[in-house]
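Participant: Sequence:
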Amino acid sequence: MIYNQGPDGIRQILYLTALVLFIGYQTINAFVPNADMIVATRILAAGIYSVVVYAYAGDAWAGIRRPAPTKADYLIVGIWLSFVSHLAQTVYAALYRLADAPEWLLNAEIVPLIVLSSMLAAVLHVAATGAVDGEVPRRSRIALGLGVGAAVLIVGGVLATRPDIGPAIERTRPWIGDWWKTGALPFGGAVPG
Numbered sequence: 001m002i003y004n005q006g007p008d009g010i011r012q013i014l015y016l017t018a019l020v021l022f023i024g025y026q027t028i029n030a031f032v033p034n035a036d037m038i039v040a041t042r043i044l045a046a047g048i049y050s051v052v053v054y055a056y057a058g059d060a061w062a063g064i065r066r067p068a069p070t071k072a073d074y075l076i077v078g079i080w081l082s083f084v085s086h087l088a089q090t091v092y093a094a095l096y097r098l099a100d101a102p103e104w105l106l107n108a109e110i111v112p113l114i115v116l117s118s119m120l121a122a123v124l125h126v127a128a129t130g131a132v133d134g135e136v137p138r139r140s141r142i143a144l145g146l147g148v149g150a151a152v153l154i155v156g157g158v159l160a161t162r163p164d165i166g167p168a169i170e171r172t173r174p175w176i177g178d179w180w181k182t183g184a185l186p187f188g189g190a191v192p193g
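Take my numbering: the final residue in the sequence shown is number 193, and no numbers are missing along the way.
The reader is advised that the hints may include incorrect statements.
Unchecked claim - Label-pair ranges, simulated between beta-carbon atoms: (1) 66 <-> 102: 38 to 46 Å; (2) 159 <-> 19: 37 to 45 Å; (3) 65 <-> 160: 41 to 49 Å; (4) 58 <-> 129: 39 to 47 Å; (5) 120 <-> 160: 23 to 31 Å; (6) 64 <-> 115: 14 to 22 Å; (7) 14 <-> 155: 21 to 29 Å; (8) 107 <-> 10: 37 to 45 Å; (9) 38 <-> 129: 31 to 39 Å; (10) 18 <-> 177: 16 to 24 Å.
In case anyone wonders, no lab produced these hints; they're calculated from the structure.
Quantities reported herein were computed from a predicted structural model and do not represent experimental measurements.
Yeah, the Cβ is synthetic: ideal placement off N, Cα and C, and Gly gets one too.
With the hints as extra help, turn the sequences into a complete structure.
Facilitator: Structure follows, in structure tokens:
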């Protein structure tokens, strides 16, 4: 069913996977504290990301070593690096939670290195203009320049002003907090337990 070719195949995979993940998560989340659910989803994600890293490793390594890499090689290496970064961020986040969130671990030097690897992946994706059927991805160098420029301006503004967003974030708590245990949403009720 989910391996049908054509446009229905992608939609079927997305719909079925989203449905299974959502129903499975909500069913278990009704009985398990959010902190445990977040660690569980991080570990599950790490397992899935590991499969992608493994599946693309050989082709990524071949693309890196190829004397004249194709545009598809750029995408493959970008995909691999992206999922290496996802895997590292996910494992790091799970370890951070399991270590009881020490502040030094939040500010460790390894964090920017993990983030930088995802930035490398993004640049490779943009550099592969027309790799798929000569059309995808579209020419994106201007978009990359605009995105980086905007990010630099935002970084400068944030570092210069150090805005206190705590109150704004606190106002989002009823909408993004622990729905099952606190009954924070106006239409939700707390589940006993």
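Participant: Tell me, which hint numbers fail for this structure?
Facilitator: 4, 7
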